[in-house]
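Participant: Chain residues, written in single-letter form:
There are 2 protein chains.
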Amino acid sequence: MDPYGLRRVVSPANVLPQRAERLDAALPLGPDELSVAVEALNVDAASFRQIEAAAAGDEGRIAGEILRIVRERGKLHNPVTGSGGMLIGRVSAVGPDHPAAGALRPGDRIATLVSLTLTPLRLDRIRAVRREIDRVECDGEAILFATGLWARLPPDLPETLVLAALDVCGAPALVARHLASGDRVLVVGAGKSGALVCAHARELVRPGGLVAAADRSEAALASLARAGACDVTVALDATDAVGALAAARGAGGPFDVVVNCASVPGTEMASVLAVKDGGTVVFFSMATSFTAAALGAEGVGKDARLVIGNGYVPGHAELALGLLRRNPGLRLLFEERFGR
Amino acid sequence: MDPYGLRRVVSPANVLPQRAERLDAALPLGPDELSVAVEALNVDAASFRQIEAAAAGDEGRIAGEILRIVRERGKLHNPVTGSGGMLIGRVSAVGPDHPAAGALRPGDRIATLVSLTLTPLRLDRIRAVRREIDRVECDGEAILFATGLWARLPPDLPETLVLAALDVCGAPALVARHLASGDRVLVVGAGKSGALVCAHARELVRPGGLVAAADRSEAALASLARAGACDVTVALDATDAVGALAAARGAGGPFDVVVNCASVPGTEMASVLAVKDGGTVVFFSMATSFTAAALGAEGVGKDARLVIGNGYVPGHAELALGLLRRNPGLRLLFEERFGR
Chain G
12 MDPYGLRRVV
22 SPANVLPQRA
32 ERLDAALPLG
42 PDELSVAVEA
52 LNVDAASFRQ
62 IEAAAAGDEG
72 RIAGEILRIV
82 RERGKLHNPV
92 TGSGGMLIGR
102 VSAVGPDHPA
112 AGALRPGDRI
122 ATLVSLTLTP
132 LRLDRIRAVR
142 REIDRVECDG
152 EAILFATGLW
162 ARLPPDLPET
172 LVLAALDVCG
182 APALVARHLA
192 SGDRVLVVGA
202 GKSGALVCAH
212 ARELVRPGGL
222 VAAADRSEAA
232 LASLARAGAC
242 DVTVALDATD
252 AVGALAAARG
262 AGGPFDVVVN
272 CASVPGTEMA
282 SVLAVKDGGT
292 VVFFSMATSF
302 TAAALGAEGV
312 GKDARLVIGN
322 GYVPGHAELA
332 LGLLRRNPGL
342 RLLFEERFGR
Chain F
12 MDPYGLRRVV
22 SPANVLPQRA
32 ERLDAALPLG
42 PDELSVAVEA
52 LNVDAASFRQ
62 IEAAAAGDEG
72 RIAGEILRIV
82 RERGKLHNPV
92 TGSGGMLIGR
102 VSAVGPDHPA
112 AGALRPGDRI
122 ATLVSLTLTP
132 LRLDRIRAVR
142 REIDRVECDG
152 EAILFATGLW
162 ARLPPDLPET
172 LVLAALDVCG
182 APALVARHLA
192 SGDRVLVVGA
202 GKSGALVCAH
212 ARELVRPGGL
222 VAAADRSEAA
232 LASLARAGAC
242 DVTVALDATD
252 AVGALAAARG
262 AGGPFDVVVN
272 CASVPGTEMA
282 SVLAVKDGGT
292 VVFFSMATSF
302 TAAALGAEGV
312 GKDARLVIGN
322 GYVPGHAELA
332 LGLLRRNPGL
342 RLLFEERFGR
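Residue numbers (the numbering used here), protein chains in the order written: chain G, 12 to 351; chain F, 12 to 351.
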């Protein structure tokens, strides 16, 4: 058994696949592996922009560059940006010892929830480059290890909607573990993950709780309110800790739980100041500074649980898709932002 | 009431004292403030080295530079390194609304547990520069806000020992919240915080639990074992995730709780791999990368609670000093490393 795919690492020796320079995608399928006939790669935005710029926007050259990276590395791991993306395809084989052996069958359509930076990949051809959504349609084969996450693509929801939700599906699932009915919650950042967190928190804190959504964009807050995803909105700049503290107080703070889904750096302190003693701050923003959070809380003597937003919680994909299904307003908001 | 000391910020406007360019240490004491007659400043090591180098090692010039920073900024906030330190002194006045009003009296000797980067300070003179321990002995006055942490200096323990323990006292206190009897714990890093965490974990996981200490220094592990602070030791390099995984398995892993007290970057993945599904990783290392921890756990599909080591937990100072008092081996280890 090889749950982390160590046997596929070609170089350097003795690193995890994510750290590897090169993987071997051509080994026979292991008993605890799963293979996918790839239909499309959703390239990480930073990686796609870099490749697009290097190719001067030419779609043929973009395809050529992606084929070259995958040929050289055995994975779509952009050597400049260090980032990957995810893929969509149909299951072609499931090893008998893979955890999905009972759940998936050849032909099932899935998306991988694990980064392309650690996914063994062989590309046969690129059929189309879709610059507007950072995607390439292609033929090839990918391998998922036993620890590699995936989600079944449901027939009842548009694919772009599903992918947008799966991208941030860990956030509502993890926040759920920290919420109870009656809690007062502040969600900083009204983007994709913030919207899912708000909608789920609203289900969980009833009766008696409160979900406040904060953002510096009044437009983003207005569309969240229209979607019925929050109880109140607070316009604030979370990089201004002092101003944000006053705004959060005005909106019902301090809060039992603060969820940081901001897209900019420097919002740790506003999050720490808005939570009450004994409360919890869950950081999902990839711009979070570990030291700013840890030292910031100590500096103001705040006894708060500070949680790193692990993107994986069992059942997270189904939870996020369920939120879209049962909240028509939230679904409309996602469709407007990410296409139908 | 002004729990964060906002009224003492001179410039720029509307930031917290830590972010301020300049504080006003000369305002009359507020009703929720506390003043300290300063005896010594324990300068952050990075800051002291920078000042020492800029002064070409001359003690008079080191003193002059520290006086200049404090005169210009109203706090010992090194503009080059961005770091501070802590101070020791005797309480001179306690405002009636300060949380310590019932607990502290003028003349009580305390150490501040809040950074000098946010502590209003006036220096009258520097009496001695003690380069070997990054300390300056001085006369002056400092202000603690209502949220500013402090600890009483006990008469029964040597001061250098107390300061060494207070520096990392949050670690054992926070870890205690995540431990139960019977738990198997791995502590990565056998330095100061690792030693305190090991010793406290050993008290908490009995009966039936296990405390494994990991480090790449065999000498550090041997002295931890001699101190009776752990059940087993594991020599491993936590920057080598694959090698560390094998070593952790050999030492009884996967573990219920992993505590990262490493002093080097790149140890997130080894910590994540060593914990079992449903377990907890507490990160105290200031070299922790938020994204490496969050994305690393998702990449290997590990459902683990990932906790940022908040340095403040109520009662943390007394807990750490108690550990030294009741563990003679641990006390000896601290005395050997940090002086008597």
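No wet-lab data here; the hints were simulated from the structure. Wrong hints could be hidden among the right ones.
If chains are identical, the list can't say which one is meant, so a pair holds when it fits in one copy or spans any two.
Cross-link-like lysine to any residue pairs, in silico, SDA-like; alpha carbons within 25 Å at most [stated by the list, open to error]:
1. Lys287 to Gly41
2. Lys203 to Gly277
3. Lys203 to Glu83
4. Lys287 to Arg316
5. Lys203 to Ser300
All values derive from a computational prediction rather than experimental measurement.
Participant: Next step is simple, just say for each hint if it's right about the structure.
Facilitator: Taking the hints in turn, this is what the structure says about them:
no., hint, result
1, Lys287 to Gly41, "between (50 Å within a copy, 23 Å between copies)"
2, Lys203 to Gly277, "within (19 Å within a copy, 30 Å between copies)"
3, Lys203 to Glu83, "neither (34 Å within a copy, 45 Å between copies)"
4, Lys287 to Arg316, "both (10 Å within a copy, 21 Å between copies)"
5, Lys203 to Ser300, "both (21 Å within a copy, 23 Å between copies)"
Violated hints amount to a single one, hint 3; each of the other numbered hints is respected by the structure.
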